[in-house]
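The lines below spell out each chain.
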Amino acid sequence: MAATTTSRSGVTPLRSQPRRPLPWPIQFYRSAVGKKWVMAITGFMLLGFIITHMLGNFKAYLGPEDLNVYGESLRDLGGHLVPRTHLLWIMRAGLAGAFALHIFSAYSLVHLGRKANPKASFVSGQKSYADDQNFVAANFASRTMRWTGPIILLYLFYHLADLTWGWWPWVEYHRGYPYENLVSSLDNWPIAVLYIAANTALAVHIYHGIWSAFQSMGVNNPRINAARKQISGAIAGAILIGNLSFPIMVQAGVLEVAS
Amino acid sequence: MTFDSAVPPGDIASMWDDHKFNTKLVNPNNKRRFEIIVVGSGLAGASAAATLSELGYKVKCFTFHDSPRRAHSIAAQGGINAAKNYKNDGDSVHRLFYDTVKGGDYRSREANVHRLAEVSVDIIDQCAAQGVPFAREYGGLLDNRSFGGAQVSRTFYARGQTGQQLLIGAYQALSRQIAEGSVEMHTRKEMLDVVVKDGRARGIVTRDLITGETEAHTAHSVVLATGGYGNVYYLSTNAMACNVTAAWRAHKRGAYFANPCYTQIHPTCIPASDEFQSKLTLMSESLRNDGRIWVPRDRDEARSAAQIPEEDRDYYLERKYPAFGNLVPRDVASRNAKTVVDEGKGVGPLKNGVYLDFAQAIGRDGVETIKEKYGNLFDMYERITGENPYESPMRIYPATHYTMGGLWVDYNLQTSIPGCYALGEANFSDHGANRLGASALMQGLADGYFVLPYTIGADLGDRLGEPLVPTDDEAFTSSIDEVKTQTQAWLDVNGTKSVDYFHRELGKLVWDYVGMERTKTGLEKALSEIPALREEFEKDVRVLGSGDNLNSSLEKVGRVADFFELGELMARDALEREESCGGHFRAEHQTDDGEAQRDDENFAHVAAWEWNGKGQVQTRHKEELVFDNVALTQRSYK
Amino acid sequence: MSTTLNLKLKIWRQESPEAPGRFHEFAANDISEDMSFLEMLDVINEQLNEQGIDPIEFDHDCREGICGTCGVMINGQAHGPEKATTTCQLHMRKFSDGDEIVIEPWRANGFPVVRDLVVDRSAFDTIVQAGGYISVNTGAAPDANLMLIPKDASDAAMDAAECIGCGACVAACPNSAAQLFTSAKIEHLNLVPQGQAERWRRTENMVETMEDFFGSCTNHGECHEACPKEISLDYIAYMNRDYLKSKLKNRKLAGQG
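As given, the protein sequences belong to chains Z, C and G, one line each in that order. Each step along the first sequence adds one to the number in this note's numbering, with nothing skipped, and position 187 is 187. Each step along the second sequence adds one to the number in this note's numbering, with nothing skipped, and position 61 is 1061. Each step along the third sequence adds one to the number in this note's numbering, with nothing skipped, and position 15 is 2015.
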């Protein structure tokens, strides 16, 4: 592509071009379209985790025993075939990897977007146009992906510290007793509010995330296209209701520790 | 300067093949030693630049647009003719040839038209292979429709955007050559002079519209594909930037300008809504396939269209021309619209239009079919007028659309300056006094893809090893000086009125006196009023800003100055042509029932005008037209 | 006889690409409702010319919505408030008396401002030059009807090919991404049989060239809303799919490009 035509006025390319042949996965990942693929695939992995996690947590409604046994069987995955917690750790590592890739891709795409449109950035609160750009299609979910993402990350950290590591002094923590830990944490109304807010952000993120992933992965067929937004909405809605039920039910006293 | 049509001898059916065989070939290795400048990147320019570079020539292509995809070819809606006979309805190369000569009212050169009809079939093949999404039937084959003035279905189309799709095809072919490095593309550069030395075109002088720089470009041949001059009327369907400047500057350097009075008025445009109207919008003529044209019988009709009963409507085309009805040629349809509007039967708030009614077609075929065929045109109409054509009839009125006249060229498309060629609408060659619908795209692409790339060899074949004239040669430097001086002169006038003001005033004069109907007295008036206005223009125009950055008034002022000179020549040409033919209708020369009355004895010739210097009357040369293959008949569409 | 409007305009003026720009205010009085938006600007320019102020530069040409030359941001919307309409086809009847109208050029890194409302869109041409064509030399084509193309495929290609290259999609995109333009250009050719030989090479080269100049798609869908030809977002999905395939395909053995 050696166009002799002189570029009119310098339209400066956004990226430098040492186009030496790279292995294809790296080349693919270097492109923004490739990064969107990575975001979509890791997004679906994380979504799978979120759904499984929520379904598992529903055991809480069957009683403390059920949830605690469920927790134990996760650690004991693979039974006698593998040492205890090894499979769980492999899954955790996979999740952490997906999470890291998801975040890193998002970060570099935001960076690229800022370079492409130096004035545009929802994060910094600037507007692309001196007059408010009048958005027609971009909805609350799509425009707040860059807000809900970091919120989810912070929440994840709090949540792990809360119920996995037991760091917080204001929660009575007993390793191996997820049900009791859950209830005693969510019994504090500020924590319940925090969980409700964070899970709402998660659902909003998932709503645009699923639709966006369909698009990024080219899942596109006239027969399902009309349903893509509805599917996203349905999944996000189900996750929202499921996850919010825990803090609400604890607060309502439906889930409680038998004393 | 030469003035020989260079039509090869022999039978017209084999003439083009023979000519290709007899034309000198340039060895592939030698082609890269020739540099060719193509000015314009519309259908003719882009296709010529792409093809020449595919053949191996070094090509520089110039456009004043920001991209080679913007030229006004893009706006052609209806389609492109080709003698494919896919519909098995009796079409053939000879029939397309015959229809075009007849449609042109026997004022075109037979040999050129026959060649056009021959290569028309190749164009479709080429464009389909490029990925142009022509309309198709369910079986996957190409679809055709019939188009104004033709009794066979030979028009290929891509929705209502055929011009756009063909131009994008040519643009893509050109882009491929640009990427390969074999075409050097110059955007936003306007050609302001052709450099002639020792009787040959040696290059061009351009102005960079962004930096204001005046540059010289040298080449072995210069190809002008710079479109038509319809904007001389100010209000026309042409794009705002369409102009005659490149062709006119070539004319001033010795290229003859042929038949400037042949201008086509398109019958189906949206009437002007007020005096600020900047251009008129054309609705494809294909609308006439299904729409019925009528006006109220009573000039004081106050009811809305839907409320006027059948017996109070005058379907005047169907009444006067039962065989062709609403599909009569453009000039006939236009003049009849003018007649009824002049009678005071016009419709719309300004009473400046006639109805084009789809009620019957919608009733017959259903809304969906009509939407499929014309959806985008209907939407466009609604956007502009705020009226819904599915419910009430459209209002249409004729507007200038295409100019058949242009630079005189010989069979090889060479102008009377050796080494300088003109393609597409910029030349005069194929349409005679009137162009048939869907033939403009055909001619532009024929010239660019299939004619010039061969015929240019006739000249280049003898010139191997000839060095380029360096750009510091006196021929170039003096031309650059002239251009610079003129540019500065416009900035220095500092009068009181805008360029647009003068353009509008000129347009009114040309429309009134050299428009749809011309008279001796009117034309004489034009010949005295246009120069008077031009003098005022030269003294009183105001161009602000500077010459060293983007300045659209400065771009326009030079173009309008050329329009002034052209307008005068149009009037002169129309005055001298004491007959009516095609787009040229002299009120003095009509049959008893108002049809154009040709004078084949005295005017079966091309009028080619030679520039004699500013303020001098041009010399009128004649190229006699010989019709060996078509019998001259008086057109009758009754 | 038509109603007239009095408007307050805030228009971006910028001498050159490097010069800083700013808004200037103009009063537009007695603007007829039947005028197009650009005719309204013509009227303003005529007045400026009278006052000895340099007229406002804006790109425009065909004024019938097909050439893609015109385009400005009107009140924060590319090509203004009317859907599926270019700036030149927007008519003043869409505004009301007393409105304030803010007019800006397209803003994106890939579209530097040339002057006032005029921007440089040559990056689009560069994307097309990277592969937006079918390599067929003039004269090398077989008879057009030798190639059967299902009407549906041909129609889908035509839907993509309607793109006029105006740049509204980039202007409307919060990330200044050119996905809609590029995907329309790619898929126009990828959807028809003629385009198959170069399909993967085309997709790869065009996507990567696009990314040299423009941002990345976050699937907001603003581009589609701004597009005067209503090009579908589906083409972006197709392009994403084709891009992955272009990286995975064993092109030698698949026999394609």
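Misleading hints may appear alongside valid ones.
[Unchecked claim] These stretches of chain G come out as covered by chain C in the derived footprint (C-beta under 8 Å, 3 or more residues): (1) 2032 to 2045; (2) 2075 to 2081; (3) 2105 to 2113; (4) 2139 to 2152; (5) 2158 to 2167; (6) 2198 to 2204.
Hints are computed from structural coordinates only; laboratory data are not their basis. Everything numeric in this text was worked out from a predicted model, so none of it was measured. Backbone N, C-alpha and C fix where the C-beta goes; we use that ideal spot for every residue, glycine too.
Okay, the hints, checked on the actual structure:
Counting residues of the segment 2032 to 2045 of chain G whose beta-carbon sits less than 8 Å from any beta-carbon of chain C gives 9, enough to reach three: the coverage restraint holds. Coverage of a stretch by a chain is defined here by at least three residues with a beta carbon nearer than 8 Å to that chain's beta carbons; for the segment 2075 to 2081 of chain G and chain C the count is 0, and the condition is violated. Check result for the segment 2105 to 2113 of chain G against chain C: violated, 0 residues qualifying (beta carbon to beta carbon below 8 Å, three or more required). With a cut-off of 8 Å between beta carbons, the segment 2139 to 2152 of chain G has 12 residues touching chain C; three or more are needed, and the interface restraint holds.
Coverage of the segment 2158 to 2167 of chain G by chain C holds [criterion: at least 3 residues with CB-CB distance below 8 Å; count 5]. Requiring three or more residues with a Cβ within less than 8 Å of a Cβ of chain C, the coverage given for the segment 2198 to 2204 of chain G is violated, as only 0 such residues are present.
Of the numbered hints stated above, those contradicted by the structure are hints 2, 3 and 6, listed in ascending order.
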